[in-house]
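*Asks:* Heads up: the protein sequence lines correspond to chains A and B, in order.
Position 10 of the first sequence, counted from 1, bears residue number 10 in our numbering, the numbering being contiguous throughout.
Position 208 of the second sequence, counted from 1, bears residue number 208 in our numbering, the numbering being contiguous throughout.
Mixed in with the good hints, there may be bad ones.
From the structure, some residues in chain B lie toward chain A, with a derived Cβ separation under 7 Å [unchecked claim]:
no., residue
1, Pro128
2, Leu131
3, Ala138
4, Ile139
5, Ala218
6, Phe222
7, Leu245
8, His246
9, Trp249
10, Ile253
11, Leu254
12, Val259
13, Thr260
14, Ile263
15, Ile264
16, Thr267
Chain A side only, calculated, beta carbon under 7 Å to chain B, not exhaustive [to be verified]:
no., residue
17, Val74
18, Val245
19, Val261
20, Val272
Covered stretches of chain A, as calculated for chain B (at least 3 residues, CB under 8 Å) [to be verified]:
no., segment
21, 12-21
22, 147-158
23, 263-270
Simulated from the structure, these hints should not be mistaken for laboratory data.
None of the values given here were measured: they were computed from a predicted structure.
Glycine is no exception: its CB is placed at the ideal position from the N, C-alpha and C atoms.
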Amino acid sequence: MTRAILRRVGAGVLVLWAAATAAYLALLAAPGDTVDAIIGDGADSPLIRSQIIQEWHLDRPAVVQYVDFLARAVQGDLGRSYLLQRPVAEVIGGQLGPTLQLAATAAGFGIVLALVLAVVARRPWVRRLSSTTELVLVSTPPFLIGIVLLSLFSFRLGWFPVSGAQGAAALVLPAITMGLPIAGTLAQVLRDGLDRALDEPFAVTARARGLRESAVLVRHALKHALLPTVTMLGWSFGVLIGGTVIIEQVFGRPGLGQVTVQAVNASDLPVVLAVVILAAAVFVVVNTLTDLAYLVIDPRLRRS
Amino acid sequence: MTIALIRPVAARLTWRVPRPGVTAAALFLLVALTSAVWPSLFAGDPLAADPLHVLEGPSGQHWFGTDQLGRDVFGRVVHGARHSLTIGVSAIVIAVGAGILLGLIAGLSHRIADEALSRSFDALSAFPLVLLALLFIAIAGTGTTSLIVAIGVALVPHFARVVRAQTFVVRRAAYVTHAVAFGAGRARLVVRHVLPNVLGPIPVLAVIGLGEAILLAAGLSFLGMGPQPPSPEWGAMISEGRGYLHIAWWTSILPGAVVTATIISLTVAGRFLQRRFEGRDLA
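Modelling step: build the complete structure from the supplied sequences, incorporating the hints.
*Replies:* Laid out in structure tokens, this is it:
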């Protein structure tokens, strides 16, 4: 089992390295001169240019710069923002809080709603209704859900603030907006898994022992249905990260998404790349955790 | 890593769509396509401002109301179909073309090259599409062309993975071995025998992928990365309308509803085709 875990962590490191390398190549492939990008609208003279080349080590060969980049990235130093002239780690670190808060709340809401939809709503007509709702939720652009909620509950009814991240009330609508599509996807996978598990011989055995259908469902079938659901959950963290970029814009919330959009608009590549590498890191961590969760859920996987 | 387990959402969902749903989806797509080709059939000038009728709610004359300049929102949505569908279709063409090429290369090359390519497809396809596209836009700049290429590039791994998996099966098939025995050259082998047989699932995946591309395009142009106002692109319209949400919900929500209907129709149509032609499970 230790070997299995080590192998998975190793694969994760490999993905991270690949992401960092791809990020570096992207930086090289970017059109235009790096010095121009750093200067931006600031003062420009041959002296300043040579200072920048000195400071950013732009005179060294690309390979040396690459190794240097990797070495610094390992230490958490992702370079300096062209636009803000501050370390990228600082720029991102300062905005991470609100985004993580939003993503975690949305994930929690999505999981609970999915469980309710898939486990509780099992009568045929309720199923059909919730299946249709899920299709609509999965297909609706998340920002539209956000705009509808905003229009209804903030502007019409005045229950929640229109923008910002002050207090718990400001978290409700964005979290629902991002949680709904996740709930839609998870509920479909979970219901599929439950249906399959309820057809298995062990479910028949449990019923034959005189267990109530609800007990068969919760005590026996649910565990089997969880495996694919956990996979989807790992996937939905990626969706959450991508989603925050747009949802923060809709609700005028500070956070990683705002930083990203600003950086993309200003071609502030170090910041964009750092966000991508961060997303890769989250992806690797979540997937490794997912794999470990498999071992916890399914004892059969522990043996090999 | 379980990257290989993660598939595009649309391919994972297994719900049977009832007949009327399929018909409605087909009808809607037909109307959307007609609007893209011949918008003046349904609506007048999308840029004609009318200062006397600003931000008026939906009515018999203006089905979707008017916006902050008094422009007919319905007319703009109809004309926007051309922008949004063009972006989506062009992006899918790029994604499918590059996906087929890279998938074939991976499927036909030796172990190490294949492993390297497949691992990168896996890693890339697990990434949030929005971030991949934004990375491309950060490098290439904003604008319609950049948006199209960004979405195309972000979707390449989906198609490359499927083509690679298919190639892997086909290259071991008896008819390929026979063609080799008959002395077929490498190029002829690939073009005549492998390529036609790996393309099977691609059209259906392209239909489902088109929905994803339109969703992504709307999101990115909502962020201001695509066509700029006054162009009636759907995402840009929704973004513009966001500023007037407190007094005129229709300027952003009704165009958004049309985007949603388009994506749902494409998903429904894709799933219908999938069942019809290939049985349930893909990829």
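*Asks:* Could you run down the list of hints and mark each one as holding or not?
*Replies:* The hints, checked one at a time:
1. Pro128: Result: holds, 3 Å to nearest chain A Cβ.
2. Leu131: 5 Å, holds
3. Ala138: With a minimum Cβ separation of about 4 Å from chain A (threshold 7 Å), the hint on Ala138/B holds.
4. Ile139: Since the shortest Cβ distance to chain A is 5 Å, the answer is holds.
5. Ala218: 5 Å, holds
6. Phe222: 5 Å, holds
7. Leu245: 5 Å, holds
8. His246: 5 Å, holds
9. Trp249: 5 Å, holds
10. Ile253: 6 Å, holds
11. Leu254: 10 Å, violated
12. Val259: Because about 6 Å separates Val259/B from the closest Cβ in chain A, which is inside the 7 Å limit, the hint holds.
13. Thr260: This interface hint holds because 5 Å falls under the 7 Å limit.
14. Ile263: 4 Å, holds
15. Ile264: 4 Å, holds
16. Thr267: This hint holds: Thr267/B lies near chain A, its Cβ roughly 6 Å from the closest one there, short of 7 Å.
17. Val74: Hint violated; Val74/A Cβ to chain B Cβ min 19 Å, cut 7 Å.
18. Val245: Constraint on Val245/A satisfied, holds at 6 Å.
19. Val261: This interface hint holds because 6 Å falls under the 7 Å limit.
20. Val272: 4 Å, holds
21. 12-21: Check passed, 5 qualifying residues.
22. 147-158: holds (count 5)
23. 263-270: holds (count 6)
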